[in-house]
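4 protein chains.
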Amino acid sequence: MGMWVGRGRKARRCYGFDEIALVPGAVTINPNEVDIRWKLGPYSFDIPILAAAMDGVVDTKFAGAMGKLGGIAVLNLEGVYTRYDEPYKVVEKIVAASPEEATRILQTVYTEPIKEELVATRIKEIKQAGVPAVVSTIPQRACQLGKIAEEAGADILVVQSTVTTVRHISSEYETVDFARLKSMLSLPIIVGNCVTYNTTLELMQTGIDGLLIGVGPGAACTTRGVLGIGVPQVTATADAAAARDFYFKQSKRYVPIITDGGMSTGGDICKAFASGADAVMVGSAFAKAQEAPGKGHHWGMATPHANLPRGTTIEVGTTGSLKQILFGPAELDDGSQNLVGALRTSMGNCGAESIKEMQLTEIIIAPAIKTEGKIFQQQQHVGMGK
Amino acid sequence: MGMWVGRGRKARRCYGFDEIALVPGAVTINPNEVDIRWKLGPYSFDIPILAAAMDGVVDTKFAGAMGKLGGIAVLNLEGVYTRYDEPYKVVEKIVAASPEEATRILQTVYTEPIKEELVATRIKEIKQAGVPAVVSTIPQRACQLGKIAEEAGADILVVQSTVTTVRHISSEYETVDFARLKSMLSLPIIVGNCVTYNTTLELMQTGIDGLLIGVGPGAACTTRGVLGIGVPQVTATADAAAARDFYFKQSKRYVPIITDGGMSTGGDICKAFASGADAVMVGSAFAKAQEAPGKGHHWGMATPHANLPRGTTIEVGTTGSLKQILFGPAELDDGSQNLVGALRTSMGNCGAESIKEMQLTEIIIAPAIKTEGKIFQQQQHVGMGK
Amino acid sequence: MGMWVGRGRKARRCYGFDEIALVPGAVTINPNEVDIRWKLGPYSFDIPILAAAMDGVVDTKFAGAMGKLGGIAVLNLEGVYTRYDEPYKVVEKIVAASPEEATRILQTVYTEPIKEELVATRIKEIKQAGVPAVVSTIPQRACQLGKIAEEAGADILVVQSTVTTVRHISSEYETVDFARLKSMLSLPIIVGNCVTYNTTLELMQTGIDGLLIGVGPGAACTTRGVLGIGVPQVTATADAAAARDFYFKQSKRYVPIITDGGMSTGGDICKAFASGADAVMVGSAFAKAQEAPGKGHHWGMATPHANLPRGTTIEVGTTGSLKQILFGPAELDDGSQNLVGALRTSMGNCGAESIKEMQLTEIIIAPAIKTEGKIFQQQQHVGMGK
Amino acid sequence: MGMWVGRGRKARRCYGFDEIALVPGAVTINPNEVDIRWKLGPYSFDIPILAAAMDGVVDTKFAGAMGKLGGIAVLNLEGVYTRYDEPYKVVEKIVAASPEEATRILQTVYTEPIKEELVATRIKEIKQAGVPAVVSTIPQRACQLGKIAEEAGADILVVQSTVTTVRHISSEYETVDFARLKSMLSLPIIVGNCVTYNTTLELMQTGIDGLLIGVGPGAACTTRGVLGIGVPQVTATADAAAARDFYFKQSKRYVPIITDGGMSTGGDICKAFASGADAVMVGSAFAKAQEAPGKGHHWGMATPHANLPRGTTIEVGTTGSLKQILFGPAELDDGSQNLVGALRTSMGNCGAESIKEMQLTEIIIAPAIKTEGKIFQQQQHVGMGK
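From first to last, the protein sequence lines stand for chains A, B, U and C. The numbering used here applies: residue 1 is where the first sequence begins, and numbers increase by one. The numbering used here applies: residue 1 is where the second sequence begins, and numbers increase by one. The numbering used here applies: residue 1 is where the third sequence begins, and numbers increase by one. The numbering used here applies: residue 1 is where the fourth sequence begins, and numbers increase by one.
These aren't lab readings, by the way, just hints derived from the structure by calculation. Yeah, the Cβ is synthetic: ideal placement off N, Cα and C, and Gly gets one too. One should not assume that every hint holds.
Each pair of labels, with its calculated beta carbon distance range [unchecked claim]:
{"no.": "1", "chain 1": "U", "residue 1": "254", "chain 2": "C", "residue 2": "2", "range": "26 to 32 Å"}
{"no.": "2", "chain 1": "C", "residue 1": "170", "chain 2": "B", "residue 2": "8", "range": "34 to 40 Å"}
{"no.": "3", "chain 1": "U", "residue 1": "295", "chain 2": "B", "residue 2": "306", "range": "57 to 63 Å"}
{"no.": "4", "chain 1": "A", "residue 1": "315", "chain 2": "C", "residue 2": "124", "range": "18 to 24 Å"}
{"no.": "5", "chain 1": "U", "residue 1": "184", "chain 2": "A", "residue 2": "3", "range": "37 to 43 Å"}
{"no.": "6", "chain 1": "B", "residue 1": "111", "chain 2": "A", "residue 2": "295", "range": "31 to 37 Å"}
Just chain A, same shape as in the assembly (with noise of 0.2 Å):
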């Protein structure tokens, strides 16, 4: 489980999506009547997919819409709606600037200070479509803005960093221990995010309830080219899985991990679920919602960073409704549309009865390799109404 990379240097191989498929099933199940419902703490939810804590794509509306349809879309309590009485001029804002002004703008825009009665205020506009109210803050601010949440009606708190462990070493900044997080606040905390064994059994012992999987997937992942740092999320994920089942066995308790990131088509969703994950959590394809409050622009939380600021505003346009990106029906063919359709089909392929079944579907690697001097491309020439 390891190749020399230089004298007394191994490194273990480790894959992403674009490397695996998954394959068919000796058994097929109608679409229809697989079961893709997953549980968090004492939650249930009928569809395993989650909408990024990005500016551009989730406001309190957007979370309303996404809990209605029985997913979660999670309110960054860290951007501009808890800090702008007005935020919809911010995103405006943003949004018009030029690829150039961008990233200048957004280090000016997230310097305004947060105002605790706006987490308050956001959380009750969630709660008013009736649908869990879920928020992330960042380890440094979990004490603070977890307490407040939790009194403001939140339901799930996200903790979230480029990478958590359940060790930080600082003499200048006191550092959360999740496992008094635990005790002081009583509804059900997703950590992240991580990617080896060790460090998500670790942050299990903790009782945190959930975790997010991905540091770095991505090829193109700005932590990867800024840091160096990134594990490909087939291998994370399932590593990730592996010390899950292994904490389920020790402990009794079942903490679903999520995969965060790297997802780039609906079939990389799919691939997901059958490396190991309970859940996933998107960004971009979101974005492209007619409910998100980019209009089709997203950026992430690590691009106003002052110092280091990495990705920036990035234009994916709006293709549909938050319903049509979900449930279809498509109108594009390329993957994006119909996300909840397309895992269906997949698991009936698979013969996966279930999630938990699903993370059982044999893998293959077959890398995704690009040939120049194609020239007839067979398409796929299958019967209809399958």
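Knowing the structure of chain A, use the given hints to seat chains B, U and C on it.
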């Protein structure tokens, strides 16, 4: 026979056409003296190449022309020719559509119901050319349309969907039982598509007469992008060939396998046989024929899917007659013409006297890596006449 | 020495030039003091590079110029120079053709019969330059044209086709018997092309004097695209070298191998020697010479094939004199000029005093992966004068 | 530790930066609290990054600025600054040249002889900034220029050529003896470039004080294209690190290794340390500094080679001050600014408190495969402030 992709998770490395090449034999044979015939049930065919059941490629005239040249063109009983009295108007409309409109127009066109009387009419049109009529349907309608087709004089029935298995679970609709279908009909039945050793073996054990091999084979294949599912064709074909050979040993019945999809050059067709195929099915190669009704356009049957369309209308242009595409003389140097000549020459150079021998030719792994900065590209400078 | 590509099917991983690199030696040598000479039969040559028998590259004047510089340029006895009294008019016509017309024009031009008296004339033209005359033919005409060539004073005969073996089966035409050809003619004979250990050994055992190694070597090679056949050159050369060394041990006769094709930079030439070559044959590198009759255009002899043309006319432009291409000074930094200087410098850095030592230099596997998103490209900043 | 590339021929798989990634640690550290200092001989430096001895990057003013910021910029004693009294006119001419003229102009410019008095002048100019003067020469002139440099007050001497070994064979010129050079001079000597375990060890045993690691590292590197020679930097660095650690055990003397070349992002720099480097040398990253004399252009010292020029003048543009490139704040998100911040953040995320610990961080093999057809690119959406 597996590599670790994550803790406790192994995956098998599978191979596609781009990753392999064939090795010349120690003996070579005059291409004119190799035997490329193959058999399906009671029929023998001069060339082991089938045209896929795509509406832009195969109408009844095309099927007649192909049959006369020694091959098979499959007419889709679920396509426009059995839905419309005047199908060419519909084809014209599809061909004239812009890429943006195409998916929607296709979705509309294929909602028109299939007319049973047209099924009979089309089969008779093919029979008038004095060639075997080979027609296709999806599993759900196999009993109904198969009966009508047989009565109308069809010679071979193809039952095809994206992923076909012996066991399909559904409470919403009745699933096909291939053993029962075989007992109901007396004509040979080809079933597809499938990819694994076990599924191939199970399908052969139902008594069917031929199998289509290939699910999401190409890197660019929509099935792989949308569903994450796909097995590269070299591995899929070799696995199916192993099942065929085992089944033959067990039952003394030889069920040919037809590699379907993923072949984009004449060289890929040669590699399919070297991987174990008895015949190959190609689509867009034939879409380029003057005889193809799509006038240089083709589209798959997954394209008009109401909820999850995959693929779109592709324009490949018209490059020559069907005869030229099969037998040359080639006017293009790209392997898209004289497919039969390419197969014969390849077999001659590999020292294979028959398709059975070609199935044993040496394969090597030799990825088609694309490199930049190439300065002088050496062209093959070989003696003429060979 | 094999990987599973499917059930019961193993394949060997083969390597091309793009996938390897050479390792500097523990000792280095002044490039001016390495020995690059090689021998073929009774002849010794100063530089181990041959110009391929392509009509756009080698006419009798080019052969004379190349010979004077210490190398070999092979004149094709099947090309325009032996078909036409005034071949330059024909070359001009080919060069002036548009890419669309080129294949058809070539197909026409090469139907003109070979004139035996021109064979003698051309050989004499080369001999007038005071250099060995090296001419090529296809196996089918080797006896007939070989006899004429020898009588006209040719010094070395090349017998070349895409794939050459000792055993070719045909009932339509007589096949060449190399042992008989050797007994018929007294001049040294080079035979090609071949790729495997066994075929190399069998061909050497017929008594021939040199071998051309390479079948469909490049990823972009038409033979691989059209026929699926090809072996990457590092493996092909190393296998042939092993056969050469075994045959030498067995017979005390050293039969040099000439790697032919797949080299696209000066670095690739260096790698061919490190893989085991005694000499290399290149085409388009020389098509760029002012002396080349094609005025910066070249085409292979498979291009005018009547039924299955492979390749087309390629324009590479004229970049300098033949002397400059071989010995510099290079005005281009892309490795297309000063090929001999590059070989000497590479040998010096690898610590190889002779071609024989260069055949033992350490090879590593180091794929030339192309990556996007490169930000600052570090240039080599080394001391001058070395 | 080797794969068969042909009969009797094994090759080792080597790895470059694009093929690996780093794994986050189980413990993470506040980036401000990691230690990135390194030592060379009696000197200690705050940042482990050297600017390469390229005329478009380093003049005496740049060397002063770099030294004040805690790093090293090497002035080339073979460049324009020691050949011309007024070097900026020459630099201007090179910068203004079209790509076509550039190689020829460079070839001319560097024929001007080196003036010994200018060597002293330039060194004194650097010393006036109050920083160590680090200057470079080629092996052939190391004794002569080293003596002059030492007398003029130089603090460190770099002796650099494409491939440097302890044993160089030549009857035409005298070869350098590093042990003798060390005894002649009292200042620390850095030697390079080299790549293998044995050569690294042998060079360390001569008594030299530091080593530059890297020969033809990049896929696009001219040395690899022209000469076929090159070892990817992860393997080269890990091998050299193993030799360094062995030599330290043997001699109790720690000779730092400086990875030179092949780094094209800040992430690559982080990976170099994880591969075993004590420091890194980069060129074009600094060519983008306002302080660089090339005004956004750079060229290597192999470029003006009279017979075998490699590389050309490259325009990278000016993007910010040297301070910004080293310490940020980054205005670009591509990893080309705040290199020190990136290194600190990467070390923090990997849980490495020092360069020595970073050398032990876990490496994985995770190729940066480029895939087409990506539909929604997920951006990293992490908490701010970390």
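Each hint tested on the structure:
1. U/254 <-> C/2: 26 to 32 Å: Since the Cβ atoms of residue 254 of chain U and residue 2 of chain C sit about 27 Å apart, the hinted range of 26 to 32 Å holds.
2. C/170 <-> B/8: 34 to 40 Å: Cβ of residue 170 of chain C to Cβ of residue 8 of chain B: about 58 Å, so the range 34 to 40 Å is violated.
3. U/295 <-> B/306: 57 to 63 Å: holds, 59 Å
4. A/315 <-> C/124: 18 to 24 Å: Because 54 Å falls outside the window, the suggested range is violated.
5. U/184 <-> A/3: 37 to 43 Å: Roughly 55 Å apart at Cβ, these two residues miss the hinted range, so it is violated.
6. B/111 <-> A/295: 31 to 37 Å: holds, 34 Å
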